[in-house]
Amino acid sequence: MRTKFSSELAALTGALTRLAGLARDATERAAVAVAEANLTVAYEVFAVGEELQARYGDCENRAVILLALEAPVARDLRHVVSAIQIADDLSQQGSLTTRIADSVVRRYPDPVGPPGVVALLGEIGRGTAELTAAAHRAIAAHNPAPGQMLVAPDAALPELHQRVLRLIADPEWSHGSAMAVDLALLAHHFERCAEHSVRIGRLIQFFHTGTPLSAQPDQS
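Each residue of the sequence shown is one higher than the one before, counting from 71 in the working numbering.
If you are wondering where the hints come from, they were derived from the structure by calculation, not from laboratory data. Check before you lean on any hint, since a few could be wrong.
Unchecked claim - Straight line, CA to CA, 20 angstroms or less: simulated SDA-like cross-link-like pairs of lysine to any residue:
hint: 1; residue 1: LYS74; residue 2: ASP146
hint: 2; residue 1: LYS74; residue 2: ALA138
hint: 3; residue 1: LYS74; residue 2: PRO181
hint: 4; residue 1: LYS74; residue 2: ASP128
hint: 5; residue 1: LYS74; residue 2: ASN131
hint: 6; residue 1: LYS74; residue 2: LEU137
hint: 7; residue 1: LYS74; residue 2: TYR178
hint: 8; residue 1: LYS74; residue 2: ARG169
hint: 9; residue 1: LYS74; residue 2: VAL150
hint: 10; residue 1: LYS74; residue 2: LEU139
hint: 11; residue 1: LYS74; residue 2: VAL143
hint: 12; residue 1: LYS74; residue 2: ALA85
hint: 13; residue 1: LYS74; residue 2: GLY84
hint: 14; residue 1: LYS74; residue 2: GLU130
hint: 15; residue 1: LYS74; residue 2: ARG145
hint: 16; residue 1: LYS74; residue 2: ILE135
As the list claims (entries may be wrong) - Label pairs and their computed distance ranges (CB to CB):
hint: 17; residue 1: PRO181; residue 2: PHE116; range: 17 to 25 angstroms
hint: 18; residue 1: TRP243; residue 2: SER77; range: 54 to 62 angstroms
hint: 19; residue 1: ALA254; residue 2: THR110; range: 20 to 28 angstroms
These numbers were taken from a predicted model, which means no experiment stands behind them. Built from N, CA and C at the ideal position, the CB exists for glycine as well.
With these hints in hand, go ahead and build the complete structure from the sequences.
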């Protein structure tokens, strides 16, 4: 039974790593789709998102199997609980990137906004994509260094987000309220993706050290 449990645990880790790779790919493509008003890449986000949600179900099923096989010891239980929460974060990222791509499709062939705002969103998207890539690397790493900040927040992202909000709230804004709302949502969706990546890093730290998220140092 223990051999079966170890085998299923390894399979769960592999499934989670693949899921994180899809979240990374979706975020990278979403950033490109927004920056370039690229319809083809936006549809790629939809395709990756569909696969991500399907694999999310696989991760959930594997976790249930693990919990049903036997009563896990403390470290194994942390592994399974962390995996369930990480999979949920990755699934949320998939949903967010799909919404981002949908905005690109709805505005096509026009860009999602005026050049200045699109440039800021491009920076936000690239920064967010770097964090999802860091989350993927953290999940794939078997033995992270003790005390290492696995997914460090990007201090530039909140300021970029505020710059977007200032532009669309400016009295001189001449592109309508509907576009302003869409752009605010795009910035928000990218920010939420980034937050999920940072949380994944903290969950992995919990798995390896047993330190609850609430007791970990503030990484903001």
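For this session: Could you tell me which of the hints above the structure violates, numbers in ascending order?
Result: 3, 7, 8
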